[in-house]
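Novice: Sequence lines, in order, name chains A and B.
Going by this note's numbering, the first sequence opens with residue 46, and the numbers climb by one from there.
Going by this note's numbering, the second sequence opens with residue 86, and the numbers climb by one from there.
One or more hints might be untrue.
Claimed, not checked - Derived list of chain B stretches under chain A, where covered just means 3 residues or more per stretch with a C-beta under 8 Å from a C-beta of chain A:
# : region
1 : 88 to 96
2 : 121 to 129
3 : 134 to 140
Treat the hints as calculated values from the structure; they're not laboratory data.
Glycine is no exception: its CB is placed at the ideal position from the N, C-alpha and C atoms.
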Amino acid sequence: MNKVVISIFTLAIIALGGLTAYTFSPLSKKNIVPQVNPTSLTPMQGSAQVGSSTPVTLNVYHNRDMAENYYTVSVPQSWQLQPNQPAGNYDFSYADGASTVELMDVPDNSTLELYILSQDEPKLKQTTQGYQRINYQKMTVNGSEAYQLTYTSTQNGTSYKTVRTYVAGQDHAGRITLSAKLSAFGQYANTFDVVIQSFKWENGK
Amino acid sequence: MRQLFLFISLGVLGFGIYLWQFYDVPDSQIMINFYVSRFLAIAGAASILMNLFWSSPKKRKREE
């Protein structure tokens, strides 16, 4: 038998064994799957005029979790950041509701709008109690193409109004979901606008 | 037969490189893509090398 061929075969088997051991070891998860970058969780200070009231102090988060998907978003300092979120995501809670800023994977063979209407909204209808669409519109957020879905839902007998904005990006899309009790939504509307308009991709587009 | 084996090996290597470099991997499939793409690339490259260095018994006899 050919010695060189046997050597190549043996080396290939060793390499495949090494690859298998590495991929399924706990060590690999850290290196392969995107992890939360600690700098993403450290906010900088900023401020913005909300409506006609006095300026509100903002926490400016620079998300550095996934290459190609770096973004900045600002939220009022009073909003509580929830711990242990997946890479690229932020969950906030406040007196009358909760908000999420996250990265959404859009397949290359789809467009953002098609994905929203054919995948994301139907999923919302299935998982959200009392889902009722109020409005759907195309808009622009810091020069990026965006779509906004406004809907109401019910949770434990309380009605909520939610504004969900999708911002197209180079790789993923940004999905900003801002929710408040229907009765208190008016107080939050201007703040929500500030949060949405603060979303900015940091690597172009 | 040898050409067919080489052709299949090139296909395996090419598909591995495509999955590794060009395929838009959904977030939920990053791990499996990592494993499958590299597995195919290694297996394809090894098969091509084995094919290139393979000498048939007839050829060896002639060389002897």
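Novice: Hint by hint, say whether it matches the structure.
Specialist: Here is how each hint holds up against the structure:
{"no.": "1", "hint": "88 to 96", "verdict": "violated (count 0)"}
{"no.": "2", "hint": "121 to 129", "verdict": "holds (count 4)"}
{"no.": "3", "hint": "134 to 140", "verdict": "holds (count 5)"}
Hint compliance for this structure: hint 1 alone is broken.
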